[in-house]
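> Please arrange chain B with the ligand on chain A, whose structure you already have, making use of the hints.
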Amino acid sequence: MEAIVKEKVQQVIDQLAEKEVYVHLETTNGAYASHFDENAYNVGAFIRNAKVKYEHGKIVGTGGAYRVGLKLNLGWVYAEGVTDYEVDDQGRLLMAGHDREGRLMVALQISEKPFSHESVAQS
Amino acid sequence: MSSQEHVVVIYPHPDDESFGAAGTIASYREKGIPVTYLCGTLGEMGRNMGNPVFANRETLSSFRKQELLKACKALDVDVRMLGYRDKTLEFEQMDQVAGHIQSILEEINPTLVITHYPGYAVHPDHNALGAAVIEAVSNIKDSQRPELWVQAIATNYEKDLGEPHIRHDVKPYWDKKMAAIETHLSQASGMMSLIKEKPDFNENEELEHLRYERFYRWNFTD
Ligand SMILES: [Zn+2]
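First to last, the protein sequences are chains A and B.
Using our numbering, you'd call the opening residue of the first sequence number 1 and step up by one each time.
Using our numbering, you'd call the opening residue of the second sequence number 1 and step up by one each time.
One chain only, chain B, in its complex shape:
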């Protein structure tokens, strides 16, 4: 059974995987379980251009694509780029996006899928892709359907949703997670300096967010 396991992570931006799930990914890779990252866009409309600035609106996508490939190498995962455009996912036809994702999932046949929690994931791309993934996984027939974990980011999401079902303390994989985040040079400089200023877990709230990767198990009622 375990030789059949395969995890698919689906987020819209290069760096979502590193900030959100790098420790979880590393724990699966350590067990020899393959992980595939389906990255929705190249984050080409991002605001961060590096600090000091080294990218512009037209070159950002190329930088972020390279960063994505480096991060996936650091995490030892396969990556597929879905080819959507940053900031526009919520305006695509949801059925089409869901169908696109479903076809890839049916090809990979994963045992676990990880995505964002729609409505609780702050960025419109996160919410839209999370919703499309839920639809895609729902449409996979019962016997083939993987488990689905969804990640909330919004402030105080626990008030609405209760405690997350899964709470990974990723401290054992901390170096790996930091290495993955650092590959996203155009995006992560702010976060990295924050971490270097206050490297103590107990004093730095941001570090706490990064240390515990939390997910809700999606309940399919059909």
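Just chain A, with the same shape it has in the complex:
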């Protein structure tokens, strides 16, 4: 991943508009937040392979951290705090925000094919 270049990301968001796409949306502060700090709460949510079609989407923000909103027929997909992006070898738009130690705090990913579950069961 590399630091977001707003114009480049906007271009990919535009390319994926009005298509059936699969979304991975996630935010987390980790499973150990309240273990290391008893005053902290563990907070997280993710949805993987939500199938949506957005009319249009925008990336907004300055100073390296961005918000992304995708307008759906009946609602929105929204992520705040994305800092890095990558269009991977499968043409998927991966965006994420990391803290100073490189830990993922938020992710929004858009793909024309379902995201795979790479776990391989062995017998």
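Think of the hints as simulated: they come from the structure by calculation, not from any bench.
Source: prediction; values computed, not measured.
Since no wrong hints were added, every one of them can be taken at face value.
Derived DMTMM-like pairs (lysine to aspartate or glutamate); straight-line CA-CA distance at most 20 angstroms: (1) B/K198 / B/D169; (2) A/K113 / B/E58; (3) B/K159 / A/D37; (4) A/K51 / B/E58; (5) B/K159 / A/E38; (6) B/K198 / A/E101; (7) B/K87 / A/E26; (8) A/K19 / A/E112; (9) B/K196 / A/E101.
Residues on chain A that point at chain B, a partial pick, calculated with CB under 8 angstroms: (10) T28; (11) D88; (12) E101; (13) G102; (14) L104; (15) Q109; (16) F115; (17) H117.
Cβ coordinates follow ideal geometry from the N, Cα and C atoms, glycine included.
Relative to the frame of chain A, chain B with the ligand by itself:
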């Protein structure tokens, strides 16, 4: 008898084995006792992406799978991946997970099984898999049933549970344990820099946690 011994370690994430039980594992391997690691997931929802970041949500599972294989090579243990998905173990049907584990245990026929202490293992995957393992081992018939050790991690668990029955000082296997932890490059950089900053056991509380591997012997009442 000793030629029949076999230890099976069951944790949900690549790196649980290295942080939690690498010294214990090394001590068994030194005696020539086979050890098998059943790893529940690939830790694909982990937050750590390396520092500096080199993985993303979609590539993390592949990195962690390779790290797992390297760690198991460093510890000289067999590994089997159970194929569950990180963060979701507690939502699986527990009977099915227990049945899955039981079938593998009946095939390996171990003398000792090591897992997490449900309710005292912090991460929901640790608690869920620990509970499934207890159910699995309970369902193995008396004459075949291995000994079961469970590991607690939660802060102040001794207040509830009393002193752990087993307390391994793994200092003799320290290099091996560090080598195993270091293979988990995407996950362990924070811990490794902590260790390098304060390499003295007496000054570094984290090191104390890593140095003493503690387990409770599970008491089957049936
Ligand atoms: Zn774990």
